[in-house]
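Engineer: Single-letter residue listing:
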Amino acid sequence: MKYLSEYRDGRVARALVAKIRAAASRPWVLMEVCGGQTHTIVKQGLDELLDGAVEMIHGPGCPVCVTPIEQIDRALHLAARDDVLFTSFGDMLRVPGSACDLLAIRARGGNVRIVYSPLDALELARKHPDRQVVFFAVGFETTAPANAMAVWRARELGVTNFTVLVSHVTVPPAMIALLGSPDNRVQAFLAAGHVCTVMGWTEYEPIAAKYRVPIVVTGFEPVDILEGILMAVRQLEEGRHEVENQYARSVRREGNQPAQDLVSRVFEVVDRKWRGIGEIPRSGLGLRPEFAEFDAERRFGLEGIHASESPLCHAGEVLRGRLKPVECPAFGAQCTPEMPLGAPMVSSEGACAAYYHFGRLRRPASAEV
Amino acid sequence: MSLDTLAAAGLVCPAPAPATDRVQLGHGSGGKLSATLLRQRFLPRFRNDVLAQLGDAAVVKVGREELAVSTDTFVVSPLEFPGGNIGSLAVHGTVNDLAMMGAQPLYLSAGFVLEEGLPFDVLDRVLDAMAAAVREAGVLLVTGDTKVVERGKADGIFVNTTGIGRLLPAFRPAPDRARPGDAIVISGPIGRHGIAIMAAREGLGFEAQIESDSANLFPLVDRLRGALGGAVSVLRDPTRGGVASALNEIATQSGVGIELDETALPIPGPVSAACELLGLDPLYVANEGVFLAFVPAAFADDAVEALRMHPLGRGAALIGRVVQEHPRLVVLRTEIGGTRVVDMLPGDQLPRIC
Amino acid sequence: MCLGIPGRVVELKDDEGLRTGVVDFGGVRRDVCLAYVAAEVGLGDYVIVHVGFAISKVDEDEARRTFEALREMSQLDELEWIKDVAEKSLEALPEKVP
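Protein chains in written order, with this note's numbering: chain V, 1 to 369; chain L, 1 to 354; chain Z, 1 to 98.
One chain only, chain V, in its complex shape (with noise of 0.2 Å):
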């Protein structure tokens, strides 16, 4: 495929990994937040092919880990209810809430629906008027311009049985939030190229001047994830701390001005909580108020849900980077993919269950500082 295949070329991915172990004068802390390099680094076994130059920490990258157990907890009795027909994409289906997840949910007789697009739900909601379609809209920035476009039409097609159960989050406060912590230890950034193609990078030039951290905006592919480590460790070799660009097929600094304008229009910034991390503020987006008659937190009355979070599982230590998967006492044992404890296990961009599935032969790391 074009523009796509070019990026696993295998030599010249080898190329660059032996230039990043040339420039690397000493082992170099990078952090991905993108569930997706993530998914590569494991998948390509990158990290292995790095190990003394550069360690890769994960972040929280996976919006659908990082959901609130009471917003899973919100979608299932949304999808138990006899007359809403529950849509979402195929990721969410396997994450547990407190108690079952939303294909328990559909073995159950709920009306759940895999959808590719948040206009397919919209469709559904045209096709059967008698039901209330719900979508479950998570996402980073990236996804945001599909979910207001998808609540824009609703309402210029007039459509009254469909709403949107919104978890959105955003990725700069969490780097902020992250680099605040005392014992963070990341030296440099991947920032995500998908969520940068939509809102640009300028977020970015204040966290790396302020927090002296280069940022290099990165593909997925493992041609770009290495070039882009390269030129991170480049920078940290040079003693700079720049917003540098890996995916310029892709990214321009304003990023897609037509796609933000519609995001600002149907969405506001809110205080989201991260699972596992806590509150961040103003780190997720929420309907305006202009668009309430779209939420179906406000249609069905979603309020006092209570979640309950096993005390086995260590997703918030593996989202924040501070624990390897493999490091995790439960990883393999009480926590696998078939009986999750957590999302990162079994979302297909969770940490976790990149190693389970990729990475069963990787010693776990040596004790850290």
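It is possible that part of the hints are untrue.
[Unchecked claim] According to the in silico footprint, chain V covers these stretches of chain L (three or more CB under 8 Å from chain V):
#1 105 to 119
#2 328 to 337
[Unchecked claim] Straight-line Cα separation of at most 20 Å, SDA-like style, residue types lysine to any residue; simulated pairs:
#3 V:K43 / L:L265
#4 L:K153 / V:R106
#5 L:K153 / L:L118
#6 L:K61 / L:V50
#7 V:K43 / L:E115
#8 L:K147 / L:E115
#9 V:K19 / Z:F67
#10 V:K2 / L:V50
#11 V:K19 / Z:M73
#12 L:K153 / V:R108
#13 V:K2 / V:A18
#14 V:K2 / L:E115
#15 V:K210 / V:Q257
#16 Z:K13 / V:E156
#17 V:K43 / L:K147
#18 L:K153 / V:A307
#19 V:K210 / V:G180
#20 V:K127 / V:D83
#21 V:K19 / Z:G17
#22 V:K2 / Z:R64
#23 V:K19 / Z:A69
#24 L:K61 / L:G111
#25 L:K61 / L:P169
#26 V:K2 / L:P266
#27 V:K127 / Z:G17
#28 L:K61 / L:K147
#29 V:K19 / Z:K13
[As the list claims (entries may be wrong)] Some chain V residues flagged as far from chain L (calculated, every beta-carbon gap over 10 Å):
#30 V17
#31 G45
#32 E48
These aren't lab readings, by the way, just hints derived from the structure by calculation.
We put the beta carbon where it would ideally sit given N, CA and C, even for glycine.
Once you've looked at the hints, dock chains L and Z against the given chain V.
Structural biologist: Using the frame of chain V, we list chains L and Z on its own:
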């Protein structure tokens, strides 16, 4: 709405896990859940040495003859898809299971559950395809049964076919016979059937130039037998769960490790593209017209050559080897030189967007 | 939610006032909403698609420039690289019925 409400609605599960008290879709996907279902609920009730083999078909003795018996039920939706329909699939599936045990398919039975309201022209097309497949395979459909259920209870048509075959002399591939040093060959490109089905389903909304590879594999198996005879130690057609699941089962049953080369996997462009779009891994996508063969390393080239001489085997390729390391694990060497484990999936592979 | 795939715009449509199109991804086609790239994208252009929406137009010049640099860096033989790319382009064509 608190957890109490969820409980009142009968929705609280006993443990923080998917519903453990009832059947889920994943139980039918050929992955870990399927294996667990079999092991925990079915096998304990029907203990015998033949069943315990868990081969694609069962080998039974009738007097002095050894026969292979296999059964399979087909519930595919949609009923008709590019490259076939549930009728042709039902014949190929069972005939292939017999072939994988080294048996020549001879007789088939077919049981139908038809849904009230099924249009006759659909049924006719299914039966026509079935009849054509039966003729091409040189088998006889000798007995059958038909039931009709109410609207909504059967997705159009469910079909079960059971096949009987005669074991061929000195040819006994079995899933526990893989040994370190064996080469692993695949008879053709992977991922076509699963993607063709998905493309034909509504909801994911894409078109692809992919047809199901559903085919009778016995002639190709016979060609391989002609070239290598009893040296073929394992045959398996990677249907539901794909190549990954099939290799994991064999690795477990033989107690060996398996290594695959990513660059050697024959994946057609559109299959690869559809998998990218949906976030699927081609190694887990169902196939209905290819098989895996384990042969001693010295015969690997002969095996590939023999397969390539037959129209169905033109895309045959050497894709990996059996090793002593990491027993029961399947490991892939990636294009860029890293490694990753190719695990059994718990249940269905879900299309992901992330 | 990062999965964004590059594809080529092969048809332009209007869906009740919404700019949409058909995008070809290496032989697989899907309807895609083009509203966010409408001003800059035409037939034959490549876009990055996420959950059914084009979020950017692929800057082909930039991609070519970058890949030239990478190729040089990895010191691939010119002829070998051309052969490789040609093979990969052939693979990307839709496969005929077996």
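Engineer: For every hint, state whether the structure bears it out.
Structural biologist: Hint check:
Counting residues of the segment 105 to 119 of chain L whose CB lies closer than 8 Å to any CB of chain V gives 0, so the stated coverage by that chain is violated, three being the minimum. Counting residues of the segment 328 to 337 of chain L whose C-beta lies closer than 8 Å to any C-beta of chain V gives 6; at least three are required, and the coverage claim holds. Only pairs whose Cα atoms come within 20 Å are accepted, and K43 of chain V paired with L265 of chain L is accepted, the gap being roughly 16 Å. Pair hint K153 of chain L plus R106 of chain V holds up; C-alpha atoms about 17 Å apart against a cutoff of 20 Å.
Note on K153 of chain L and L118 of chain L: the hinted pairing holds, with a Cα-Cα distance of about 12 Å set against a maximum of 20 Å. A threshold of 20 Å between alpha carbons decides the hint, and for K61 of chain L with V50 of chain L the separation of about 10 Å falls inside it, so the pair holds. A distance of roughly 44 Å separates the Cα atoms of K43 of chain V and E115 of chain L; the hinted pair therefore is violated under the 20 Å criterion. Of the supplied pair hints, the one linking K147 of chain L and E115 of chain L holds, its CA atoms being roughly 9 Å apart against a limit of 20 Å.
Of the supplied pair hints, the one linking K19 of chain V and F67 of chain Z holds, its CA atoms being roughly 16 Å apart against a limit of 20 Å. Restraint check for K2 of chain V and V50 of chain L: not satisfied, since their Cα atoms lie roughly 51 Å apart, outside the 20 Å limit. As the CA atoms of K19 of chain V and M73 of chain Z are separated by approximately 9 Å, the hinted pair is consistent with the 20 Å bound. At roughly 16 Å between alpha-carbon atoms, K153 of chain L and R108 of chain V fall within 20 Å of each other, so this suggested pair holds.
Taking the CA atoms of K2 of chain V and A18 of chain V, the gap is about 26 Å. The hint is violated against a cut of 20 Å. Pair hint K2 of chain V plus E115 of chain L does not hold up; C-alpha atoms about 45 Å apart against a cutoff of 20 Å. Restraint check: the Cα-Cα separation between K210 of chain V and Q257 of chain V comes to about 26 Å, which exceeds 20 Å; the hinted pair is violated. Proximity of K13 of chain Z to E156 of chain V is assessed by CA-CA distance (about 19 Å); at most 20 Å being required, the pair is judged to hold.
Using a Cα cut-off of 20 Å, the hinted pair K43 of chain V and K147 of chain L is violated, with the two alpha carbons roughly 48 Å apart. Note on K153 of chain L and A307 of chain V: the hinted pairing is violated, with a Cα-Cα distance of about 37 Å set against a maximum of 20 Å. In summary, the hint linking K210 of chain V to G180 of chain V is supported, as the alpha carbons are separated by about 11 Å, within the 20 Å threshold. A hinted pair counts as satisfied when its Cα atoms are at most 20 Å apart, and K127 of chain V with D83 of chain V qualifies at roughly 15 Å.
Of the supplied pair hints, the one linking K19 of chain V and G17 of chain Z is violated, its CA atoms being roughly 50 Å apart against a limit of 20 Å. For a cut-off of 20 Å, the pair hint linking K2 of chain V to R64 of chain Z stands: about 11 Å separates their Cα positions. Restraint check for K19 of chain V and A69 of chain Z: satisfied, since their Cα atoms lie roughly 14 Å apart, inside the 20 Å limit. Taken as a hint, the K61 of chain L and G111 of chain L pair is broken in the structure, with Cα atoms around 25 Å apart against an allowance of 20 Å.
Taking the CA atoms of K61 of chain L and P169 of chain L, the gap is about 14 Å. The hint holds against a cut of 20 Å. Taken as a hint, the K2 of chain V and P266 of chain L pair is honoured in the structure, with Cα atoms around 18 Å apart against an allowance of 20 Å. About 19 Å separates the Cα atoms of K127 of chain V and G17 of chain Z, which keeps this hinted pair within 20 Å; it holds. This hinted pair does not check out: K61 of chain L and K147 of chain L have alpha carbons roughly 31 Å apart, beyond 20 Å.
A C-alpha spacing of about 46 Å is found between K19 of chain V and K13 of chain Z, which places the hinted pair above 20 Å, so the restraint is violated. With 10 Å as the threshold on Cβ separation, the claim that V17 of chain V sits away from chain L is violated: the shortest Cβ distance comes to roughly 8 Å. For G45 of chain V, the shortest C-beta to C-beta distance to chain L comes to about 2 Å, within the 10 Å cut-off, and the non-interface label is violated. Not every CB of chain L lies more than 10 Å from the CB of E48 of chain V, the least distance being 5 Å, so the non-interface label is violated.
Violated hints for the displayed structure, listed by number in ascending order: 1, 7, 10, 13, 14, 15, 17, 18, 21, 24, 28, 29, 30, 31 and 32.
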